[in-house]
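Novice: All chains should be built: construct the whole structure from the sequences, respecting the hints.
Below, each chain spelled out in residue letters.
There are 2 protein chains.
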Amino acid sequence: MAEPKAPLPATETMATTRVRPQVSIRGRSVGPIASSNAVGEEVPEFEPFMLLPRGPPPLTDYLDVWDVNMLKEPEEVNKQQHHTDRYANEGLIVRRGQEFQISITFNRPHDPSKDQFALEFVIGATPQYSKGTYIPVFPSEERNKLWGGRVLDTSDNVLTMGILPRADCIVGKYGMYVAVVTPYGIRRTKKDPSRELYILFNPWSFFPDDSVYLEDGAERTECVLNELGIIYHGAYDDVSERSWNYGQFEFGILDACLFIMDKGALPITNRGDPVKIARKASAMINSKDDEGVLVGNWSGDYMYGVAPTSWTGSVEILLSYANGGDPVCYAQCWVYAAVFNTFLRCLGIPARVVTNFFSAHDNDGNLKTDILLDENGKVDRSRTRDSIWNYHCWNECYMARLDLPEGFGGWQVVDATPQETSDGMYRCGPASVYAIKHGMVCYPFDAPFVFAEVNSDVVFYQRSRDGTLTPVKVNTSHVGRLVLTKAPGSNGRSDITSMYKFPEGSAEERTVLEKAEEYGVRRQDVTPPVADVALDIPSLEVKVGAGFDLALDFRNSSGQRRTVEAYTNGYVVYYTGVPSAEILFQSPTVTLDPRAGDAERKVIKVRPEDYMGKLVEQANLHFITTGKVKETGQIVTAMRVITLHKPRLLVQVAGTPRVSEEMLVTVQFTNDFKFSLENVHVRVEGPGVMSPHNKLYRLIAPGTTISWTESFIPRRQGPSKLMASLDCHALRQVTGEVDVHIEN
Amino acid sequence: MAEPKAPLPATETMATTRVRPQVSIRGRSVGPIASSNAVGEEVPEFEPFMLLPRGPPPLTDYLDVWDVNMLKEPEEVNKQQHHTDRYANEGLIVRRGQEFQISITFNRPHDPSKDQFALEFVIGATPQYSKGTYIPVFPSEERNKLWGGRVLDTSDNVLTMGILPRADCIVGKYGMYVAVVTPYGIRRTKKDPSRELYILFNPWSFFPDDSVYLEDGAERTECVLNELGIIYHGAYDDVSERSWNYGQFEFGILDACLFIMDKGALPITNRGDPVKIARKASAMINSKDDEGVLVGNWSGDYMYGVAPTSWTGSVEILLSYANGGDPVCYAQCWVYAAVFNTFLRCLGIPARVVTNFFSAHDNDGNLKTDILLDENGKVDRSRTRDSIWNYHCWNECYMARLDLPEGFGGWQVVDATPQETSDGMYRCGPASVYAIKHGMVCYPFDAPFVFAEVNSDVVFYQRSRDGTLTPVKVNTSHVGRLVLTKAPGSNGRSDITSMYKFPEGSAEERTVLEKAEEYGVRRQDVTPPVADVALDIPSLEVKVGAGFDLALDFRNSSGQRRTVEAYTNGYVVYYTGVPSAEILFQSPTVTLDPRAGDAERKVIKVRPEDYMGKLVEQANLHFITTGKVKETGQIVTAMRVITLHKPRLLVQVAGTPRVSEEMLVTVQFTNDFKFSLENVHVRVEGPGVMSPHNKLYRLIAPGTTISWTESFIPRRQGPSKLMASLDCHALRQVTGEVDVHIEN
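Quick note, the sequences are listed as chains A and B, same order.
With the first letter of the first sequence counted as 1, position 679 gets the number 679 in our numbering; the numbers rise by one all the way through.
With the first letter of the second sequence counted as 1, position 430 gets the number 430 in our numbering; the numbers rise by one all the way through.
Just so you know, these hints were derived from the structure itself, not from any lab.
These numbers were taken from a predicted model, which means no experiment stands behind them.
Some clues are possibly wrong.
Simulated crosslink set (DSSO-like; lysine-lysine; CA at most 30 Å straight-line) [what the hints assert, rightly or not]:
| no. | chain 1 | residue 1 | chain 2 | residue 2 |
| --- | --- | --- | --- | --- |
| 1 | B | Lys543 | B | Lys515 |
| 2 | A | Lys190 | A | Lys263 |
| 3 | B | Lys543 | A | Lys501 |
| 4 | B | Lys630 | B | Lys543 |
| 5 | B | Lys515 | A | Lys145 |
| 6 | A | Lys114 | B | Lys543 |
| 7 | A | Lys515 | B | Lys437 |
| 8 | A | Lys145 | B | Lys630 |
| 9 | A | Lys131 | A | Lys173 |
| 10 | A | Lys131 | B | Lys515 |
| 11 | A | Lys630 | A | Lys605 |
| 12 | B | Lys378 | A | Lys131 |
| 13 | B | Lys131 | A | Lys378 |
| 14 | A | Lys630 | B | Lys114 |
| 15 | B | Lys501 | A | Lys131 |
| 16 | A | Lys515 | B | Lys145 |
| 17 | B | Lys543 | B | Lys695 |
| 18 | A | Lys515 | B | Lys614 |
| 19 | B | Lys378 | B | Lys614 |
| 20 | B | Lys378 | A | Lys145 |
| 21 | B | Lys131 | A | Lys515 |
Specialist: As structure tokens, then:
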């Protein structure tokens, strides 16, 4: 596997100095804006109240701090109560809007009557009280203005304090100090990394109200705590699944997420707002114009990186990015969505990956996708430039929208896949799903784009001699056919199409489309005459390498005899709908007797040799039949995407599934094809049990079997999975998995 | 003058290949998205209807095109009727939604009964009818689907056609062809640059309705056709002016504007929408993250470029950018606004530069600006990090907002000055001015930021020993004190504050602030007790180099004796409010007898030597007095900005003011200061009369006078101005001008 290496140091300099000379912020602002979570200059250890004769005086009997216990072990109270015990991270991790505890050992029992002290929390450079980046917390209720603080317990020299961070405080990594007031000034504990703590979003916090509070317990558990994901692809009527390791709790991932915000220079003061964080991340997860996490590549050439289909999880990607900040190669939509999902869940924002089947991408809020036919009704490939993605993955994250009127909170669409035609917008969302369903696309952010992705019409134009086009057919139900996400708490599917759209043909649907048009979403206005001849291509389930019969079902409801000159094209297409090679062309003429509506079927035989040599990527075949009815001049059309099914990987484990005990995993694959597979990458990993491993097979000859065994040591008890993938140029996205349940 | 030169070619490559390897669009989309106005592959000269035995047949009596006349001379019908006669541009320039004319000379008279032809207009690569980038226009009404076309006149072989572009068509440079239909196929005229035409926005077009239609004739003339600008700066109660040459009609400017959209890769299909164009331009006018037009610099060090204060117009900047695409050094807010204004007016979008006095910049939609005081009520400079700009310039452009609900059209704020703290947002707007006035900040784009710029509160905090802060005074009327723009048709000022805000203290004002808070705009909630001691510093008009008396007027309405321990600080500040050097500190104790409200005045003498050595930039002095009332502990504060007045340049012209006759301009300046001026840049230019000239004086000794004479030849009749500036490190923004009226 070859991640892109760091460029020559020179490059960075030259890259950034193109706009040169470098200009200082002098005159522009008083100081640099804090946009990094890295702690800035230290808080002084001694802050005198007045000029002292000769430095700090000797301490007589003033309160002195001997030790501070952050109670940060997974089994201790903080991480348990704050649902952060799974993070493989040595620091204290708590959630805002919920009390956590810290024990302080003084040189003697604390005497409220005369001893004054405070816990000070600071984040970012130049911490300021008025900006919420410097927060002193006192043991006495009435003195606390930002965060709550109280003494929970005192025994001898040890005092245990409860701290309640505001439910809207900044999310990130804080430094912590204990400050004791003496008559001469304030004495502080030294800076100590072991006393740093992470404060995250808190979907459990209803009162005080965190804006990411999610009421539904099952959804909350799924969308914040589950590291095991299922991502849907393929076709709406033949859905395929693949597992994904989000790994939001794995070692280094939380720091990687903070690094991403730092790299995006998101001001510290914005980091309490899930809307701003989600929006910034949608820009940073892709590398476009900001050197973000993932480089998109749909070309089929992945020489210098990892094929998008080869990844099995987010961990490898995020760690590689955090280690140097160079974009990782390569991603397609589901990789962007999966890594984005890890980012959101890791910070505590409820999030899920959704798949929209037949997604009208890249069309810039325009509600139509054009397919051009020539005079005879045959598809004119040279002039048809739009494509509909077989599917597109994006994310939903759950939050209140305090920046919008009532009612637009809840699930929000965010999409990190760079939109190519949307005004150079390499970020998308958050856009309220409710707003999209109701056509209220006037509210930020980028609602018109998402609306078009699920609502576009497919318009067939016929081109006349003089170059003008006439719309001859409009298919309003093709795009946004099905929206799926993993069901909470199970491995089942949850159909959420109805959250995006009203039923096809319903009155509400019409109203919504009109509403959206009021807000400038353009769509095809003409509605061509209804057809008396219908055409349909039934779906098929086909194994890669198999031959099959493609059926064309004509229905003649005219009551008279009809003759259709049909053209059937078959293409190998990318999942973006972009054709790669033509595999079939036939132009049968079909005569339809006036029958009682039942179909006249025309069968087209497709042989393996027709397509096997031409497959790309995820092996999708796209058939489109168009034709003209001789008698009426009416145009009939039908489209069908067939996703060829792949062989599975056999994944097996051996050994006792117990924490810290070594186990073995074996990945097995047999090449049943007539050709050999070259440069085959095999990957395997499992959240909490096995870090990502991968292995390269230069050649797997026809008929041969490979078997790869690796050992691993489970880190955590509970249910998990081992997920494996096999990927090479000739055969992409072969996957397999096995469930494991680790005992303690 | 040193524009930044193009970097080594290497740099560009390395810069762009940091995310390497370069990835093709293969698989991602059918073809590249047309995002350049550069015409792509040529339209074929012959398009056969069917396979022909041996190429195109000999032409027998089919219609043949001999010549095409675009009627593009300034005095001809098109440019006159379309208000485009002033453009120094050889192409035809027309506005959409309004008919223009083209004459075609055929080989014989055109016979409607048998001759079929069309005018074809194409823009960008891969023109498509369905995308509005390929438009055939026929002489017969009924065949036209996108644009109107009709025969206006036929005489012998010459046919004059009227073409009516849709009022929402793409704005930019089109190619034009005449296509004749023959039985064998379509024959076209050769590609010919002299037949290209520009189509611009049309603020005159009410029916059909261009979304930039502006009803008010005076405003329309001012905001589209006027090249002479006045930009306001200084202080709200002592406003200074400077003239600016927008030069939107100068040679090369129109092409430069199209180049900016190409550089920003704005999809061609978006270029009919003024909202998308204005938004993209707000990002492209500054160089941040997209290698845009202008590099911001507030540091006072302009060694490698032109000082922002030195520019006299936009022409030099835009031409230098268009010639290579390297960002131009340097700009501050008024330069960004002025160049943006040129861009908008040049494309036909009504636009004006506005100045907001006391603008709360960089505060990321947060409605407060913090000033921190220590326990004694003295300003704590080390902890006060916010600043209020003495003034900030942005643009308003006029357009319907089809993307928003009814009522938010009209003037829209766009701002090209990079906002530093706004979520990496180096673009701002369009934000509806109406929405800002009414607190409806939930509508795109970036309304909360603009709202804060005119509505923030200034909050004085007092810091207690333990680090907590208590708000002791809130000034709600300081920010957004006055919003000015040039009055249409005159050189007067137009106060448009009331378009942004309801009157201070009115009921509406409160409602609006509450409304804005509903949409997440945070502000200071506490309101400290009303004061019984008031403090004011009256304004002053001061010449640079002069001494003056600063008055502190205390008012004691308590009815009792009061003692105020006051602290007065004086600073030299940048116009961003950022202090550069302290020039004065006094801490008088003032005793106030219970008088009938009349003021107790304390006078502080400021001598030239106090500040002259420390002046920066535009020579602003900022005085702030804070104090504590002994008896009540109440805090009193007052602030005053004094803009030191500069000497003027003397500008005179000689010769007869007639088109194409040589004239002379003389710029004169006497150094009345006690120090010499070094590296002094002098500039002079005038729209339609003189292109930008500049001259460098290495040294101007005290008491000496420089006089610089240049010749120029007026290009155009009518009123104009010659504007000059003098700029050096020690003395910035010295300007002068003279009116000229050129006869024909």
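Novice: So which hints don't hold here, by number, going up?
Specialist: Violated hints (numbers, rising): 1, 3, 4, 6 and 18; every other hint is consistent with the structure.
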